[in-house]
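S.K.: In case you want the letters, here they are:
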Amino acid sequence: MHHGPAAPPWVMLAYLVAGVCFILALRGLSSPESSRRGNRFGMAGMAIAVLTTLLVVSYPSRGILEAAGVEQCSVSLYFESCLREGLTNLAWIGGAIAIGAVIGLVTARRIAMTAMPQLVAAFHSLVGLAAVLVAAAAYLNPEAFGIAEGGLIYPVSRVEMGLGAAIGAITFSGSVIAFLKLNGNMSGKPILLPLRHVINLGTLAAILGLIAWFTQDQDPWVFWTLTGLAFLIGFLLIIPIGGADMPVVVSMLNSYSGWAAAAMGFTLQNSAMIITGALVGSSGAILSYIMCRAMNRSFISVIAGGFGGDAVAGAGGGATDRPWKRGSAEDAAFLMKQAEQVIIVPGYGMAVAQAQHALREMGDLLKKEGVGVKYAIHPVAGRMPGHMNVLLAEANVPYDEVFELEDINSEFARTDVAFVIGANDVTNPAAKTDKTSPIYGMPVLDVEKAKTVLFIKRSMGGVGYAGVDNELFYRDNTMMLLADAKKMVEEIVKSLG
Amino acid sequence: MDFITILSIFVLACFVGYYVVWSVTPALHTPLMAVTNAISSVIVVGALIAAAAASESLGGSTSTWLGLAAVALASVNIFGGFAVTARMLAMYRKKERR
Numbered sequence: 001m002h003h004g005p006a007a008p009p010w011v012m013l014a015y016l017v018a019g020v021c022f023i024l025a026l027r028g029l030s031s032p033e034s035s036r037r038g039n040r041f042g043m044a045g046m047a048i049a050v051l052t053t054l055l056v057v058s059y060p061s062r063g064i065l066e067a068a069g070v071e072q073c074s075v076s077l078y079f080e081s082c083l084r085e086g087l088t089n090l091a092w093i094g095g096a097i098a099i100g101a102v103i104g105l106v107t108a109r110r111i112a113m114t115a116m117p118q119l120v121a122a123f124h125s126l127v128g129l130a131a132v133l134v135a136a137a138a139y140l141n142p143e144a145f146g147i148a149e150g151g152l153i154y155p156v157s158r159v160e161m162g163l164g165a166a167i168g169a170i171t172f173s174g175s176v177i178a179f180l181k182l183n184g185n186m187s188g189k190p191i192l193l194p195l196r197h198v199i200n201l202g203t204l205a206a207i208l209g210l211i212a213w214f215t216q217d218q219d220p221w222v223f224w225t226l227t228g229l230a231f232l233i234g235f236l237l238i239i240p241i242g243g244a245d246m247p248v249v250v251s252m253l254n255s256y257s258g259w260a261a262a263a264m265g266f267t268l269q270n271s272a273m274i275i276t277g278a279l280v281g282s283s284g285a286i287l288s289y290i291m292c293r294a295m296n297r298s299f300i301s302v303i304a305g306g307f308g309g310d311a312v313a314g315a316g317g318g319a320t321d322r323p324w325k326r327g328s329a330e331d332a333a334f335l336m337k338q339a340e341q342v343i344i345v346p347g348y349g350m351a352v353a354q355a356q357h358a359l360r361e362m363g364d365l366l367k368k369e370g371v372g373v374k375y376a377i378h379p380v381a382g383r384m385p386g387h388m389n390v391l392l393a394e395a396n397v398p399y400d401e402v403f404e405l406e407d408i409n410s411e412f413a414r415t416d417v418a419f420v421i422g423a424n425d426v427t428n429p430a431a432k433t434d435k436t437s438p439i440y441g442m443p444v445l446d447v448e449k450a451k452t453v454l455f456i457k458r459s460m461g462g463v464g465y466a467g468v469d470n471e472l473f474y475r476d477n478t479m480m481l482l483a484d485a486k487k488m489v490e491e492i493v494k495s496l497g
Numbered sequence: 001m002d003f004i005t006i007l008s009i010f011v012l013a014c015f016v017g018y019y020v021v022w023s024v025t026p027a028l029h030t031p032l033m034a035v036t037n038a039i040s041s042v043i044v045v046g047a048l049i050a051a052a053a054a055s056e057s058l059g060g061s062t063s064t065w066l067g068l069a070a071v072a073l074a075s076v077n078i079f080g081g082f083a084v085t086a087r088m089l090a091m092y093r094k095k096e097r098r
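Here the protein sequences come in this chain order: B and S. Here this note's numbering is used: position 82 in the first sequence is 82, and no number is missing along the way. Here this note's numbering is used: position 93 in the second sequence is 93, and no number is missing along the way.
Think of the hints as simulated: they come from the structure by calculation, not from any bench. Certain hints may be false.
[To be verified] Beta-carbon label-pair distances, calculated as ranges:
| id | chain 1 | residue 1 | chain 2 | residue 2 | range |
| --- | --- | --- | --- | --- | --- |
| 1 | B | Ala68 | S | Arg93 | 52 to 60 Å |
| 2 | B | Lys337 | S | Leu12 | 55 to 63 Å |
| 3 | B | Ile199 | S | Tyr18 | 47 to 55 Å |
| 4 | B | Asp219 | S | Ile4 | 24 to 32 Å |
[As the list claims (entries may be wrong)] Stretch by stretch, here's where chain B covers chain S in the computed footprint (C-beta under 8 Å, at least three residues):
| id | stretch |
| --- | --- |
| 5 | 12-26 |
| 6 | 29-43 |
| 7 | 61-67 |
| 8 | 71-80 |
| 9 | 84-95 |
Ideal Cβ placement from N, Cα and C applies to all residues, glycine included.
Next up, chain S with everything else stripped away, as it sits in the complex (with noise of 0.2 Å):
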C-alpha cells in the first residue's frame, strides 16, 4: 500500500469514527471508554511482529524483548478492556414490566 492508500484509510475511518461516536447514547460513555481502549491494544499487532522476529543483531534481540513486552502489556488491556466493557454492560437493564 502506499502512503496516499493509507492515508485516505485514515481519514475516511475519522469520519466513520465521528458519526458512530455522536451515537453512541450518553449513558454508555464509560463502556465507550473501556472498549475503547480495549481496541487501540490492536497495537499488539505490532507487537507481535517485533516479538516474532528473528533475532541475529543485538539490536534485534532488544527489539524481541521489547515486543515481547509489548505483547503482555497489550494483553493485559486487551483482555482486561473487553471483560470490563462486558461487565458494565451486564448491569445495564430495563424496567421490569409487570
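Chain B extracted, bound-state conformation (with noise of 0.2 Å):
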C-alpha cells in the first residue's frame, strides 16, 4: 500500500525476537519465582531491538557496496564504511546512551522504595517526550525513515506521526504533573479550573481536527500547533485529579506511553515497537480498570477529577464528639501477645511514615510469641498498583504473608487483632451499610469482623482521602492509637520485647 524499500528479513525477524522476549517479561510477573527471569527477558530484548537497529543505521550504503564490486557486506567492509561514511554519528549517539544510562542507574539505585511512585511517573514523562521528539524528527527528516517521496509524507504516516506526537505530548505533561503532585513539590488537591470540561473536550477535538487536517497540508504550523496543544491538554487533564485517584492517573499514564510507542511503531513499520506498545498500553489500561473498580468508580469520574485531595479538612467537628476508645502502646502490644492471629493492614500513611520496617520487626516479635501474623492489601493502598507489596517487600516480609483483598477478607472474622496503620477509607464500614456515603459500594477490608481493631492515626481531627468520617473509629471493639505510625509501631515493638 505504501512505503520504503522494506528491511532485510533478517532484520524483521530480529524485531520479532525482541517483541516475543517483551511479551516473555511480562508473562514472568504472573509469580515472584519466575519475574527475575522475565526481567533478564526483557533486557534481552531491548539489547536485540537497539543493537539491530545500530547495525541497520550504519550498514553500507548501496554505493560503497557497488565501488566495492560485492552484494554481501564483509565484516572488513562493514568496519571500513562506517569509518569512511564518517559515521561520526555512531560517537555521538554512544555518548548519548552512555549519559542516559549513568543517569538511569543512579537514579535506579539511590531511589527509596517510597518514592517509587514518582519515580514511574517520572519515567513515563521521559518516554512521553522521546515520542514527540522522534515524531519531529520524523516530521523535519522523513526521508531518513523512509515515509516519504519527494518531500511529501505519506497521508498514513501523517496520521501515525501526528498521533504519536499528539499522544507522547499528552504523556509528557500529565506525567510531570503527576510527579509534581506525588512528589510533594505542588498540592494534591484537585485544581478546578472554570468549564474545564469545555476547555478539556475542545482542546482534544482541535488536536483531532488538526491530525485529520494534516492529512491534507503537512505544512509545520499544523504539526507544531497540534503538538503544542497535547502538551497543554496533557497539563489540563491532570491538575484537577486529586491525590488519591493517583494509581489510576499513573496506570493511564503507562497507558498512554505504550499506545505513543506503538503509533511510532507504524510510522517505522516496526514489529518490536507495535507488540511493545500494545502490551503496555494495554497493561496501563487493565491496572487503571482495576484501580477504579478497586473504588466502585468510572474511569470516566476519575478523568474528570475534583475527587478527593490530599489535605481534605476534618468535615464538622460533630462527629468526633461521638465516643471512641484510646488506646496505648502497651495495651496494644498486650492485645497482640495474647492473639492467635494479628491481621495487619497497610495504607499510604504507611508509606509517609516510612514504618515498614519497625512494621516487620513487630510481626517477627509476634511470630516468636506464637502469634500467627498477615498482612492484608486492599488494590488502592497506597499512591500507585502494588505500591503496598513493594515497601513490605523491601523490609522482607515474605510475599507469601501477604494477601490481596478478596484472598482474606473472609479471615477477619476469625481474627483476634486487626491492626491498621495508615490505611483509612480502604476499611470504612460505611462503604457496605450507608447508602449516602461518597464510598458506597467500594470494595473493603472487613476489619470490623475482627474481635479488636488497632487503628494507628496521627489525631482524630482528620478523614480520609474521601473526605469522609470513619464509622470504625466508634464501634466498641476498636481502639485508636493516636500517633505517628513509625513512633507507635517502634514504641509497639519496645513493649514486646
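Put the complex together from the two separate chains, hints included.
M.R.: Okay, structure coming up:
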C-alpha cells in the first residue's frame, strides 16, 4: 500500500524476537519466582532491538557495496565503511546512550522505595518526550525514515506521526504534573478551572481536527500546533485529579506511553515497537480498570477529576464528639501477644511514615510469641498499584504472608486483632452500609469483624481522602492509637521485647 | 509491510497483552509498571534512526539532534527502568523454611 524499501528479513526477524522477549518479560511477572527471569528477557529484547537498529543504520550504503564490487557486505568492509562514511554519529549516539545509562542507573540505585510512584511518573514523562522528539525528527527528515516521496510524507504516516506526537506530548505533560503531585512539589488537592470540561473537550477536538488537516497539508504550523495543544491538554487533564486518585492516573499515563510507542511503531513499520506498544498500552489500561473497580468509580469520573485532595479538612467537628476508645502502645502489645492471629492492614500512611521496617520487626516479635501474622492489601492502598507490596518486600516481609483483599477478607471474622496502619477509607464499613456515603459500594477490608481493631492515626481530627468520617473509629471493638505510625510501632516493639 | 499486516500485528499483540497482564499477580503490579515503562523505551529504535541519519539539510540536522536527545532520554528509561525493576524483584522473598 505504501512506504519505502522493506527492511531485510533478518532485521524484521530480529525485531520480532525482541517483541517476543517483551511478552515473556511480562509473562514472568505472574509469580515472583519467574519474575527475575522475565526481567532478563526484557533486557535481552531491548538489547536485540537496539543492536539490530544500530547495525541497520550503520550498514554500508549501496554505493559503497557497488564500488567494492560485492553483493554482500563483509565484516571488514562494514567497519571500513563505518569509518569512510564518517559515521561520527555513532560516537554521538554512544555518548547519548552513556549519559542516559549513567543517569538511569544512578537514579535506580538511589531511589527510596517509598518514592517509587514519583519515579515511575518521571520515567513515563521521559518516554512521552522521547516519542514527541522522534515524531518531530521523522517530520523534519522523513526520507531518513523512508516515509516520504519527493518531500511529501505519505498521508498514513502523517496520521501515525501526528498521533505519536500528540499522545507523547500528553504523556509528557500529564506525567510531569503527576510527578509534581506525588513528589509533594504541588498540592495533591484538585485544581478546578471553571469550564474545564468545555476547555478540555474543545482542545481534544482541536487536536483531532488538526491531525485530520495534517493529512491534507503537511505545513509546519499544523504539526507544531497540534503538538503544542497536546502538551497543554496533558497538563489540563491531570491538574483537577486529586492525590488519592493518582493510582489511576499513573496507570493511565503508563497506558498512554505504550500507545505513543505503538503509533511510532506504525510509522517505522517496526514490529518490536508495535508489540511493545500494544503490551504496555493494554497493561496500563487493565491496571486503571482494576484501580477504578477497587474504588467502585467509573474511569470517566476519575478522569473528570475533582475527587479527594490530600488535605481535606476535618468535615464538621460534630462527628468527633462521638465516644471512642484510646489505647497505648502497651495495650496494643498486650492485646496482640494474647492473640492467635493478627492481620496487619497497611495504607499510604505507612509509606509516608516509612514504618514498614518497624512493622516487620513487630511482626517478627509476634511470630516468636507464636502469634500468626498476615498482611492484607487493598488494591488502591498507596499511590500506585502494588505500592504496599513493594514496601513490605523491601522490609523483608515474605510475600507469602501478604494477601490480596479477596483472598483474606473472610479471615477477619476468625482473627483476634486487625492492625490498621495508615489506611482509612479502605477499611470504612460505611462503604457497605451507608448508601449516602461517597464511598458506598467500594469493596473494603472487613476489619471490623475482627475481635479487636487497633487503628493507628495521627489525630482524631482528619478524615480520609474521600473526605468521609470512618465509622470504624467509634465501634466498641476499636482502639485508637493516636501517634505517628512509625513511632507507635516502635513503641509497640519496645513493649513486646 | 503493508498497513494491514502492521495492523494485524498490533491487534493480535493487544490481545496477547490483555491475557498476559491479567495473569500478573497483584503483588507485582509496581514492578509491572516499572518494566512496562522500560520496554516502552523501545521507542529508542526511532530515535536511533533519526540520530544516525545523514544530515544535509537544515531540517535533517535538527532531526539528528532531536534524535540524539531522544536516544539519551530513552536510555535513562531503559537502564533506569530495568535496574529499578531488578532491584524491586530481588526483594520479593518467600518465607524461610525451617
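S.K.: Can the suggested window of 24 to 32 Å be confirmed for the beta-carbon pair B:Asp219 and S:Ile4?
M.R.: holds (29 Å)
S.K.: Quick one: are B:Lys337 and S:Leu12 within 55 to 63 Å, going by C-beta?
M.R.: Given about 57 Å between the Cβ atoms, the range holds.
S.K.: Okay, the stretch 29-43 of chain S and chain B, do three or more residues pass the C-beta test at under 8 Å?
M.R.: holds (count 15)
S.K.: For the stretch 71-80 of chain S, do at least 3 residues have a Cβ located nearer than 8 Å to some Cβ of chain B?
M.R.: holds (count 10)
S.K.: Confirm or reject the claim that B:Ile199 and S:Tyr18 have a C-beta distance inside 47 to 55 Å.
M.R.: violated (33 Å)
S.K.: When I compare C-beta atoms, does the stretch 84-95 of chain S have three or more residues closer than 8 Å to chain B?
M.R.: Coverage by chain B holds for the stretch 84-95 of chain S (12 residues, Cβ < 8 Å).
S.K.: Check whether three or more residues of the stretch 61-67 of chain S sit with their beta carbon closer than 8 Å to a beta carbon of chain B.
M.R.: holds (count 5)
S.K.: Is the hinted range of 52 to 60 Å satisfied by the C-beta distance from B:Ala68 to S:Arg93?
M.R.: holds (57 Å)
S.K.: Counting residues of the stretch 12-26 of chain S with a beta carbon closer than 8 Å to any beta carbon of chain B, are there 3 or more?
M.R.: holds (count 12)
Violated hints amount to a single one, hint 3; each of the other numbered hints is respected by the structure.
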